[in-house]
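**Student:** So the protein sequences, as listed, match chains B and V.
So the first sequence is numbered by this note's numbering: it starts at 102 and just counts up by one.
So the second sequence is numbered by this note's numbering: it starts at 168 and just counts up by one.
There could be a bad hint or two in this list.
[What the hints assert, rightly or not] Covered by chain V, according to a simulated footprint, are these stretches of chain B (three or more residues, beta-carbon under 8 Å): (1) 125-131; (2) 289-300; (3) 440-454.
Worth flagging that the hints you see were computed from the coordinates, not collected in a lab.
We put the beta carbon where it would ideally sit given N, CA and C, even for glycine.
Single-letter residue listing:
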Amino acid sequence: MYRYIFRRTYQLIIVFFLFLVTSYLLFDAIPGNAFQNLLLNPDLPPDAYEQVLALYGLDKPLSERVFSYVVNFFKGDFGYSYKYYPKTPIELIAERLPRTLMLFAMVNIISFYTGFLIGKILAWRRGSKSETWITITSVFSYTVFYPWFALMMLWYFGYKMDWLPIGKFLYPEKWYDSPYDSDVIFVLMIKFTVIVSIIQVLIYVFTKNIESLSLKRNVRFIGFLLNIVGSYFFWNTGDALLKKTYAGDIAYHMILPVLTVTVVAFAGTALLTRTTMMEVLKDDYILTARAKGLSQRRIRDRHAARNALLPVVTSFIFTIVTIIDGSVLTETIFSWPGMGQLILDSVLNEDIPVAMATFSFIGVFALIAHFVADISYAYLDPRIRIQSQG
Amino acid sequence: MKNNNNKIEKKLRREAFSKNWKLFKQSRLGMVGLYIVFFFFILTILQPILFITGFWNEAVYHPVVGYDDLTSDFIVVDCPKEYPTEKYQSRTDCPARNEVNIKTLFYNTAEVGDTIELNLQPAPPSRRHILGTDSLGRDVFSQIMEGSQVAFLLGILSATLGVGISTLLGTIAAFYGGRIDAYLMRQSDLVLMLPTLPLLFIISAFAELKIWHLAVVLGTIGGLGGSVITIKSQALQVKVKPFVDSARITGGSNMKILFSHVLPNVAPLALLFMVFSVTGAIASESVLSFLGLLNIEMSWGLMIYLAQVEGFIFSGMKYWWLILPAGLSVTFLTGGFYLVGRGLDEVFNPRLRKR
């Protein structure tokens, strides 16, 4: 087992090294570079372009640049952004990442929860009319052409009904005389959300072993209510009271993206849960549970759904890996200034340090997730372990 | 003897096909999906037929360079600055249908209240143009047909290529194991690490992407990525089955076992993957066209892109024929392929069946 982990780690380092080199070569293959618009400016001296290139080290041959980039990368030096000059890529990522994570963590949690509930019911009511209609709706929202759907949502809720803002992160006119930075408010919102969800998870965990289903549901509902009352008091006392309007502004801008992505994302989970649950329902222990005379709800929630949860959780982990990749389109359409926009912006402007930093960030994220998944599979499934020793 | 064997094989195949078809027909949604795909397929082959038989004139109905000189009478009005007024509820209601804003008339000496004859673009649906025309006077229905040709060509080509690559690599990885397996798995890790959309942006920046190129690029990225891992795990299960051992004992070479015993048993899963990856390829093409990054003359994504760039999306349902058909076509064709895939899943996976 340790030998397996060691071998995987050393392969992982090689893959990461290859990944860095490949991405650098890809960025270099884009014609032109970030400073070419200097050539178009007639007021600049003719050698300004060459001087700027020399300043950023872009006049050196490709092999030397790749080598120095990789060496500096492992030293922890990511260089400076070409477009936002005094800022480093790390600063930019630190600014943008929380926005993407907050938006998509929220979307994923909501959509996985509702998707799991819906999928459970779908598998249970197999063959009924309601199952067919819910399935058609889920397939529609699973395969709907996403940019088109997002634009239709923007048009309906943002323009025709005028309930919600059309894109962007905040209304600038509300923030002119604001004593706070928007990032400070946003970090506070993240902290608040994390604490509330931890409390909610704790309530869930502590009530897990209550035998009676109705008592369990009531206790959970009371816990949920307490959570809401607690957060109401939090936002209406002390320092948070002053920040409330600004936080509300950001939250108001979050509603439409969250709603749209949730509608698109829940269906995948629902359909997956339906399939796995239908496989589980064929198993013998479900028959045993029925023979024991347990109630239908108990069989559905305790015996079938628990076992159908495993593949869903796996797919949840893999969805988390693709969050940043998947955010490109959403953030472009809703003008949400997060990681997706940063990647797109840096790729289109050939801001190589920022693009490399974002790519390697995603790469590290994905590698670690795959590594953990592989190790846990090897731990759970002896066949893979034996295979890989050969 | 050999002839007889062939006959038996053929008969067995026909029987298996009819049995599977019966199973597929049991899933109603799968049949709905098949009908949808079939409908779009008819649209695909109908357009060339209409052009060849001369039913449609190419100068008028061509999806890219066609132009129809439709004119209509318009009443000249002066749109107010403040809304709402008695006649108009909001800014989008003026000018209403059959009206034209005097401020948008150039080189014209018309007065408010006059009736003038102007080109009607985009023209609403009529008998001549079933889904109307776009802002350049091109027939939208013909564009939808052209878009479905692109979608079918690209989807099926890239899915076949991708699934071919991943099936071959997945079975080889499972069958030989060891170093080859490690190499192939790390390669698919590498492909999975690269974010897809930014990668396609980069490729579209230095390569001129037409349908064929895009099909190859999408197929390769899809084929080297995650599906190799899934097919490998399926092939691992096949590899430990008794018939592989007995084939080895009777003296089958590695190649023989790989191609005539392991591959056919992975094929159902590969077919399933293929149907699902058609969905992905069509969606990717539409997204790239929607962002204006491809060198394709007409496609569904491009139609939505044009509608968005020209500002018809936020005009609401006034110009519905520019917004709804293209978006719904992408949705329905991908949905149709998805439903077919689900039906096939029930055929190949007995545990999903009703009984």
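**Student:** Do three or more residues from the stretch 289-300 of chain B put their C-beta atoms closer than 8 Å to C-beta atoms of chain V?
**Tutor:** Per the Cβ count (0), the hint is violated.
**Student:** Are at least 3 residues of the stretch 125-131 of chain B within less than 8 Å of chain V when you compare beta carbons?
**Tutor:** Since three or more residues must qualify, the claim that chain V covers the stretch 125-131 of chain B holds, with 4 doing so at under 8 Å.
**Student:** Verify the coverage statement for the stretch 440-454 of chain B against chain V, using a C-beta to C-beta distance below 8 Å and requiring 3 or more qualifying residues.
**Tutor:** This one holds; 4 residues, not fewer than the three required, reach chain V with a Cβ under 8 Å.
In summary, the structure is inconsistent with hint 2 from the numbered list given earlier, while agreeing with all the others.
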